[in-house]
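Asks: What follows is the residue order along each chain.
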Amino acid sequence: MKLNELTIKEAQEGLRNKKFTSVELTKACLDRIKERNVELNAFITVCEETALKEAQNADEMLVEGKIFPLTGIPFAVKDAICTAGVRSTGAAKVLDNYIPPYDATVIKKIREQGGVLLGKNNCDAFGHGASNENSMYGPVKNPINLDKVAGGSSGGSAAAVADNMCIFAIAEDTGGSIRQPASFCGIVGMRPSYGRNSRFGIMPMASSFDTVGPMTKTVEDMAIVMQEIAGKDALDATTVPDLVPTYNDEMKKDLTGLRVGVPQEYFEAEGMDSEVRDVVEKQIKNLEKRGAEIIYLSMPLTKYAIAVYYVLVPSEVSSNFGRLDGIRYGMRADAKDLFDVYSKSRASGFPEEVKRRILIGTYALSSGYYEAYYKKAQQVRTLICRDFDRVFSDVDVLVTPTSPFAAFGLGEKSADPLQLYLADIFVSPAASAGIPAISVPAGETKSGLPIGLQIMGPKLSEGLIMSVANNIKK
Amino acid sequence: MSLSIEEVKKIAKLARIELTADEEKRHASTISTVLDFVNTLNEVNTDGVEPTAQVTGLEDVVREDLVVNSKIKKELLNQMPQVSVGLLKVPAVFGDSEDII
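So the sequences go chain by chain: A and B.
If you count by our numbering, then the first sequence holds residues 104 to 577, one letter each, in order.
If you count by our numbering, then the second sequence holds residues 508 to 608, one letter each, in order.
Incorrect hints may appear among the rest.
Said to hold, decoys possible - Simulated crosslink set (EDC-like; lysine to aspartate or glutamate; CA at most 20 Å straight-line):
no. : chain 1 : residue 1 : chain 2 : residue 2
1   : B       : 516       : A       : 443
2   : A       : 388       : A       : 371
3   : B       : 516       : A       : 455
4   : A       : 196       : B       : 530
5   : A       : 478       : B       : 543
6   : A       : 112       : A       : 331
7   : A       : 211       : B       : 582
8   : B       : 596       : B       : 582
9   : B       : 596       : A       : 455
10  : B       : 578       : A       : 215
Said to hold, decoys possible - Derived, one-sided and incomplete: chain A residues facing chain B with beta-carbon distance under 10 Å:
no. : residue
11  : 414
12  : 445
13  : 448
In short, the hints are calculated from the structure, not lab data.
Ideal Cβ placement from N, Cα and C applies to all residues, glycine included.
When you get a sec, could you build the whole thing from the sequences and use the hints?
Replies: In structure tokens, the structure reads:
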């Protein structure tokens with residue numbers, strides 16, 4: 104087995120038993136990136152030189168006995184997350200030359216313990232998309248089938264992990280951006296509870312939805328990374344003070360007596376692929392065999408989650424993106440007066456989808472429309488939260504498909520924004536409610552495309568949903 | 508519902524995004540489709556329902572008001588599009604468009 108194909112767990116053992124060095128492990132990943140990135144376009148920036156230096160430092164730490172869980176492990180980061188000294192574009196030209204002076208808190212935590220930053224992953228610009236076709240640096244291709252999308256918005260991170268260009272990745276999930284590409288590329292991806300991981304240093308998209316989470320090859324690796332990055336951060340007032348449990352213990356709990364809810368709305372959606380349904384239903388039967396109790400239920404508000412999302416998120420976007428105006432950092436268009444500096448910088452710096460969302464949000468928040476759109480969507484959001492509270496009094500977790508279909512073709516949905524929005528139908532409800540949800544590989548279609556299964560749980564039940572995910576065997 | 512080109516022009520101005528005529532046409536059409544779709548929210552009865560603005564359940568999170576030297580002045584200046592004598596240079600905010608420091 105090649106070094107870049109290792110899981111975190113395996114790499115930890117190899118490094119500690121001196122079977123190989125972090126420099127060797129890092130080189131293996133960099134070689135794979137060189138071999139494959141031209142085709143997949145999973146990285147916007149590759150940090151070859153600094154990665155090797157960081158690997159050397161990590162090797163010294165290992166010799167000196169300064170060994171932390173991620174010491175010497177090479178990882179990749181979504182480009183919408185700030186990395187000190189490393190260009191972070193958010194996949195938009197407005198930040199083409201932007202070099203953040205600081206690390207996002209989650210990245211700082213990993214780098215401080217000797218994690219090796221390989222580079223920055225392509226994504227839909229600022230996380231706006233479900234296919235990675237809204238990047239101003241070109242689409243990411245699915246490593247399993249190059250004619251298919253990798254999913255989005257964290258498509259580059261998903262492709263990089265699936266194709267063994269890195270050992271794990273850190274990405275961001277606003278309405279499904281970790282889970283949907285994880286399911287399309289056949290890896291594990293988790294959106295933690297809102298407030299579990301710090302958002303400091305994440306390029307904000309929709310602040311009341313944004314979360315940061317890992318993308319990994321196994322559930323065990325997910326537990327390892329979550330343990331290192333979770334927790335309260337003084338720099339993000341929305342992080343929760345609750346103690347971070349020992350995920351590796353929680354993840355190993357068995358399923359005896361666990362009540363698994365199966366909401367029918369997640370199996371009847373328009374465009375639902377029967378192969379996806381069959382694979383997920385088979386896995387639910389397996390969970391029953393392993394001691395879980397299966398409870399079929401209904402969550403009638405499910406279909407409104409996307410509508411809520413596409414009012415509230417563009418509204419928050421239109422406000423958050425005011426900062427990208429060509430004044431203090433990023434690209435400034437050549438224009439004489441101030442209005443033109445703003446409007447021309449934003450015209451050339453954003454791709455079409457970012458503009459569309461800013462416009463929708465500006466409209467929804469404008470005088471005369473606020474009550475009809477923004478407030479109405481916030482009220483339905485309350486009802487969606489209550490719908491989850493209601494079912495979680497009867498069941499411990501919910502199991503659903505991550506996406507109604509496997510990876511679709513490049514260009515297949517890009518002409519119709521609404522069709523792309525609807526691709527997130529099963530991942531956006533958890534985002535509205537701020538609850539944790541994990542996507543884990545559950546099988547594949549006859550044509551070999553990965554199918555993901557999603558497990559959702561109540562707030563701060565990351566350990567529990569990982570224990571269920573750990574019981575999903577392809 | 509249908510968003511007119513004039514309305515698109517108006518919100519684009521509010522949002523400070525210059526659009527080409529083609530873009531105005533495309534956005535009018537795609538945003539109309541999206542608005543039709545989000546109008547399905549009107550099927551849901553929300554009488555008396557409190558709006559949700561955030562989901563943490565946290566309230567009044569405060570911290571000590573301390574001055575911290577982040578020591579990144581040089582790095583921040585390096586990111587500025589135009590700098591003059593260690594300060595950010597921007598076009599005139601008031602009056603004519605002559606640059607001021």
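Asks: Taking the hints in turn, state whether each one holds.
Replies: Quick rundown of the hints versus the structure:
no.: 1; hint: B:516 <-> A:443; result: holds, 15 Å
no.: 2; hint: A:388 <-> A:371; result: holds, 18 Å
no.: 3; hint: B:516 <-> A:455; result: holds, 15 Å
no.: 4; hint: A:196 <-> B:530; result: holds, 18 Å
no.: 5; hint: A:478 <-> B:543; result: holds, 17 Å
no.: 6; hint: A:112 <-> A:331; result: holds, 14 Å
no.: 7; hint: A:211 <-> B:582; result: holds, 17 Å
no.: 8; hint: B:596 <-> B:582; result: holds, 16 Å
no.: 9; hint: B:596 <-> A:455; result: violated, 29 Å
no.: 10; hint: B:578 <-> A:215; result: holds, 18 Å
no.: 11; hint: 414; result: holds, 5 Å
no.: 12; hint: 445; result: holds, 4 Å
no.: 13; hint: 448; result: holds, 9 Å
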